[in-house]
Amino acid sequence: MGYAAAKGGFDAIRSAEELVRRHRLEARSSWLEIDQIIERLGYAVDRVMGEGALWDPESSAIAFRQAEGDVVEAAHLVRAYRSTLPRLGYAELVDADEIDVLRRIVPAFREPPGPQLLGRTPDYTGRLLERSPEDESRRQAALAAAEAGDAAAAALADDGRATDGSPTDADTAGSGLEPARVPGRLMDVLRSMDLLVDRRRDDDPAAADISRVPARPGAPRSARLSAMARAETGALVQLWYRNILGPDRNIHEVTLGEVRHGRLPVRAEHPHLGRPVTVGHVRVTEVEAIEDLDGNDEDRSRFDVGYGLCLGHNEKKAIAMANLDIALHRDLALGDDAGPLEQSVLMTTDGLDASGFLEHLKLPHYVTFRSMVERKRAMAPAPVEPEATATEAKAVGASSEVPVG
Amino acid sequence: MTTIEDLLQQPATVEERKTPILDESSKREIRRACLTAVAVPGYQVPFGSREMPVARGWGSGGLQITLAVVGRDDVVKVYDQGEDGGVNAANLRRLIRSAEPVTTTTDPREADVIQTRHRVPEDVLVDGQILVLQVPVPEPLRGVERDMTELRRMHAEADYAKMWVSLYEDIVRNGIITQTTGYPCLVGGRYVIATTPIPRWDVPPLHQARFLSLFGAGREKRIYAIPPHTDVEPLTFEDVPFQVEEVVEPCRCGLIQPDEEPGAYLVELPGQTGETVWACSDTDWCARRRLEAGLLGEDAIDALEVDL
Amino acid sequence: MSPHTQPRQRGMIGGTAATALAVERLGKIYGPGGPEAVEGTGPEFARSVSPSTGAVIGCWDVSFAVAPGEALGIIGESGSGKSTVMRCIAGDQSASAGSVNLAGVDRPGGTPADLLQLAPSDRRALRIDRLSVVYQDPAEGLDLRVSAGGNIAEPLTAAGWRHFGRIRQRAADLLSRTEVPLDRMDDPVLTYSGGMRQRVQLAKALANDPQVVLLDEPTTGLDASVAAGVLDLIRDLLEETGIAAVVVSHDFSVIEMLTRRCLVMHHGRVVEEGLTDQLLEDPQHPYSQRLVGAARG
Numbered sequence: 001m002g003y004a005a006a007k008g009g010f011d012a013i014r015s016a017e018e019l020v021r022r023h024r025l026e027a028r029s030s031w032l033e034i035d036q037i038i039e040r041l042g043y044a045v046d047r048v049m050g051e052g053a054l055w056d057p058e059s060s061a062i063a064f065r066q067a068e069g070d071v072v073e074a075a076h077l078v079r080a081y082r083s084t085l086p087r088l089g090y091a092e093l094v095d096a097d098e099i100d101v102l103r104r105i106v107p108a109f110r111e112p113p114g115p116q117l118l119g120r121t122p123d124y125t126g127r128l129l130e131r132s133p134e135d136e137s138r139r140q141a142a143l144a145a146a147e148a149g150d151a152a153a154a155a156l157a158d159d160g161r162a163t164d165g166s167p168t169d170a171d172t173a174g175s176g177l178e179p180a181r182v183p184g185r186l187m188d189v190l191r192s193m194d195l196l197v198d199r200r201r202d203d204d205p206a207a208a209d210i211s212r213v214p215a216r217p218g219a220p221r222s223a224r225l226s227a228m229a230r231a232e233t234g235a236l237v238q239l240w241y242r243n244i245l246g247p248d249r250n251i252h253e254v255t256l257g258e259v260r261h262g263r264l265p266v267r268a269e270h271p272h273l274g275r276p277v278t279v280g281h282v283r284v285t286e287v288e289a290i291e292d293l294d295g296n297d298e299d300r301s302r303f304d305v306g307y308g309l310c311l312g313h314n315e316k317k318a319i320a321m322a323n324l325d326i327a328l329h330r331d332l333a334l335g336d337d338a339g340p341l342e343q344s345v346l347m348t349t350d351g352l353d354a355s356g357f358l359e360h361l362k363l364p365h366y367v368t369f370r371s372m373v374e375r376k377r378a379m380a381p382a383p384v385e386p387e388a389t390a391t392e393a394k395a396v397g398a399s400s401e402v403p404v405g
Numbered sequence: 001m002t003t004i005e006d007l008l009q010q011p012a013t014v015e016e017r018k019t020p021i022l023d024e025s026s027k028r029e030i031r032r033a034c035l036t037a038v039a040v041p042g043y044q045v046p047f048g049s050r051e052m053p054v055a056r057g058w059g060s061g062g063l064q065i066t067l068a069v070v071g072r073d074d075v076v077k078v079y080d081q082g083e084d085g086g087v088n089a090a091n092l093r094r095l096i097r098s099a100e101p102v103t104t105t106t107d108p109r110e111a112d113v114i115q116t117r118h119r120v121p122e123d124v125l126v127d128g129q130i131l132v133l134q135v136p137v138p139e140p141l142r143g144v145e146r147d148m149t150e151l152r153r154m155h156a157e158a159d160y161a162k163m164w165v166s167l168y169e170d171i172v173r174n175g176i177i178t179q180t181t182g183y184p185c186l187v188g189g190r191y192v193i194a195t196t197p198i199p200r201w202d203v204p205p206l207h208q209a210r211f212l213s214l215f216g217a218g219r220e221k222r223i224y225a226i227p228p229h230t231d232v233e234p235l236t237f238e239d240v241p242f243q244v245e246e247v248v249e250p251c252r253c254g255l256i257q258p259d260e261e262p263g264a265y266l267v268e269l270p271g272q273t274g275e276t277v278w279a280c281s282d283t284d285w286c287a288r289r290r291l292e293a294g295l296l297g298e299d300a301i302d303a304l305e306v307d308l
Numbered sequence: 001m002s003p004h005t006q007p008r009q010r011g012m013i014g015g016t017a018a019t020a021l022a023v024e025r026l027g028k029i030y031g032p033g034g035p036e037a038v039e040g041t042g043p044e045f046a047r048s049v050s051p052s053t054g055a056v057i058g059c060w061d062v063s064f065a066v067a068p069g070e071a072l073g074i075i076g077e078s079g080s081g082k083s084t085v086m087r088c089i090a091g092d093q094s095a096s097a098g099s100v101n102l103a104g105v106d107r108p109g110g111t112p113a114d115l116l117q118l119a120p121s122d123r124r125a126l127r128i129d130r131l132s133v134v135y136q137d138p139a140e141g142l143d144l145r146v147s148a149g150g151n152i153a154e155p156l157t158a159a160g161w162r163h164f165g166r167i168r169q170r171a172a173d174l175l176s177r178t179e180v181p182l183d184r185m186d187d188p189v190l191t192y193s194g195g196m197r198q199r200v201q202l203a204k205a206l207a208n209d210p211q212v213v214l215l216d217e218p219t220t221g222l223d224a225s226v227a228a229g230v231l232d233l234i235r236d237l238l239e240e241t242g243i244a245a246v247v248v249s250h251d252f253s254v255i256e257m258l259t260r261r262c263l264v265m266h267h268g269r270v271v272e273e274g275l276t277d278q279l280l281e282d283p284q285h286p287y288s289q290r291l292v293g294a295a296r297g
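Residue numbers (my numbering), protein chains in the order written: chain A, 1 to 405; chain B, 1 to 308; chain C, 1 to 297.
Hints were generated in silico from the structure; no laboratory data involved. Just so it is clear, the structure is predicted and the values come from calculations on it, not from any experiment. Worth double-checking, as some hints may not be accurate.
Said to hold, decoys possible - Straight-line distance between alpha carbons at most 30 Å, and here's what the computed DSBU-like set of lysine-lysine pairs gives:
| id | chain 1 | residue 1 | chain 2 | residue 2 |
| --- | --- | --- | --- | --- |
| 1 | B | Lys162 | A | Lys376 |
| 2 | A | Lys376 | A | Lys362 |
| 3 | B | Lys27 | A | Lys362 |
If we strip away everything but chain A, and leave its shape as in the complex, we get (with noise of 0.2 Å):
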């Protein structure tokens, strides 16, 4: 009944809130508290802010929080608030040279210029389930800080994560490793070998902002890094993956050159004095990607290098996007018989795109479904003659003509 409806929706939705408030408010377990996202689901963390594109890991964790632990959903907290912010005005581009490292692995050379520095990294640890008691873990932890007790070795194994990005005291006390901190890059060593494509070109200067100009196919590689570093991680994992061993083949034999995790300044202009003042720093995960060419069009005596780098600690989504950096420039100089990669990077790996239309499935879609009816029930059971007139090509069935034009 229309008018019952009219009231009911709106009463359905309020007791639908209701019951999530309920669990969130009365859930017997202690409250989780912002801080304890950030120090301890950092990971989760990292990626909404990747996803969501905004850097603020206060309300990233309000919004994981909030969406209880579903990272799509809070990265759609955090951009629908983005939206309401308004666009002061563009970052200076900075130079990831002046990164400073919390990790770096050079996995091409055994001792590359500049440390190979682990950092904090589950890598090399067994994948066991820890099921000691949890006071028997801070016990652990106590003994394990007041034996260490060196700043300089709290600051590497520090992943930078209980802070903003900024550096803190801890890391300013290892500031004596300066040049740990600020590695030199593989690719200018390669570069100096000789070995390298030098595809470095002018026409795309500054970065694009896709959240004004929608990034569409013949977009500039800014765009499509952008687009890749706020994609959804599992979407560029499953892509590159698909690359590798499916039917696109676009990425043949990578080794990675950089893998890096660390801070970078972020400077703005500054309104009265006019130069560029540093106004906060952001952690970023930095790849470079090695690629053989191989190609008939490529320059066999030398290596392609492809670039990630997204916010946060997030070395799956920055390699993934580094080989499929590559894979694009690669299927886009086939030029009209370019595949359709670019289209894939581009309209289908946002998390908000594709879960919120695939979500949108639920919404009542009647009156849509009553037009499919319609049509199954107007069909034709027998497929019209070759030689069908006119009037036998009219539909039969319980529609009428409706004079348009």
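Here the structure of chain A is known, so what remains is to put chains B and C in place on it, guided by the hints.
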């Protein structure tokens, strides 16, 4: 933390800035895209679609247009499937009211802006009214072509032969054109558009309409328009008439009969045991007609108004 | 520049000796370098790869004219550049040099328009009703998932046909003419044999009565008996319709059957041209002699 519930406690007529969903420069940018769309009827204008408090696919494009085009004291109607009280309509309505100093109505004749999903009101809309349609898939040619570069070329050159072939094949295979909703239409003799998924019943009112239709696709980041007094021709062959969904059985309201004017878009309500009842999709239109016919009390209308 | 197209005429055009298609010094270079890359390539150097730039010279300095109703053959082995010539005329590839004129396609003012200078959209428009192509691979000329009738409906609707019954009738007429059984007309072309697919391609190519049809190895890959049937059909159609044709083939029997005049291509150049029967009887260029010798086995 301000919740939706908190927002609803605020009076609808506050003069001060309400809880924003879009900042003012974003609204201006969206209005510019709308103007471009009006200037080039049927052309899909790319725009920097913002993330909304509703998910992509849940009316984020329509919501952005509505927020961008409403002014102070405008009257807004939001409905979904023809129903003002549906869950999605109710949610969008309260979001719009929480963000902009507007009042809402269920009566499309009173509305300056009507945001809709899947329907065009049964009432005849007039000059100055804006119909905002939520669009899930703006590309009418996606069924026949997936490559975006090729799609752009086809629109640019008005090369719609593939679409015509698909209609030809449809008739050959099925005896009829089986396109159900979102029927492809030629706008102003130039661009083919997807008429959102509105039923075919709602296509004729778009032709040479007195109102402005704005189509917003938030996920795909495009806006397109049918300006007033513009030709909207459903693609079909000269000898294969365009067909709308007809009234096949009387509506349960008693006011709509097969082959009688005025018709209306009816939806089917199947029962547990296979029997079917038909009901008007446009709930407000139906209620007003029943009220006029003495089939519904004033108190029911009052109850509805309170809930808005 | 947009072409100013005149109403089409058959036979004599503009009072001068009729030319349906004129190709002047057509060239296509794949890879780096302009005309200077051409030096050191061609039959006398026995190579198509530029010694200076490494570019591949697809074709160079190819000129010919085809009169209405005439069929011109281009013969050569694979890699000789004959298909490149065809694709540059059709607009499937961009040419590097030369000009192409199609009768009735004029610039404002009445001088013939150079197809190579037209915007891609204008070139595509010519493909609807003035210039058709039949490809060796039916998948290039047809949408295999679509029925035979639907494939013919494409150029018809592109040319503005909007009457279902008449489109169907036209498609049926064309398919009967190319000897495709009408009871298969509504089946996807995917379900057709190779010979049948070529017949559908021919029907589609003729849909809007073009002035010129380009046939690229139309029977290559078909069984001999099937190929013979398709060749018979093509010959009859060309005679019936008076359409000008360019037939590209590596096979002298195809050229002999369909054309009166032909060019021999080798390493991207025309090495000999003349009447087909004379050329077969008495080839002048050593390469032509070799080709004819091989064909006569």
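Hint-by-hint comparison with the structure:
This hinted pair checks out: Lys162(B) and Lys376(A) have alpha carbons roughly 24 Å apart, not beyond 30 Å. For the hint linking Lys376(A) to Lys362(A), the alpha-carbon distance of about 22 Å falls within 30 Å, and the restraint holds. Straight-line distance between C-alpha atoms of Lys27(B) and Lys362(A) comes to about 29 Å, which keeps the hinted pair within the 30 Å bound.
Going through the hint list in order, the structure satisfies each hint without exception.
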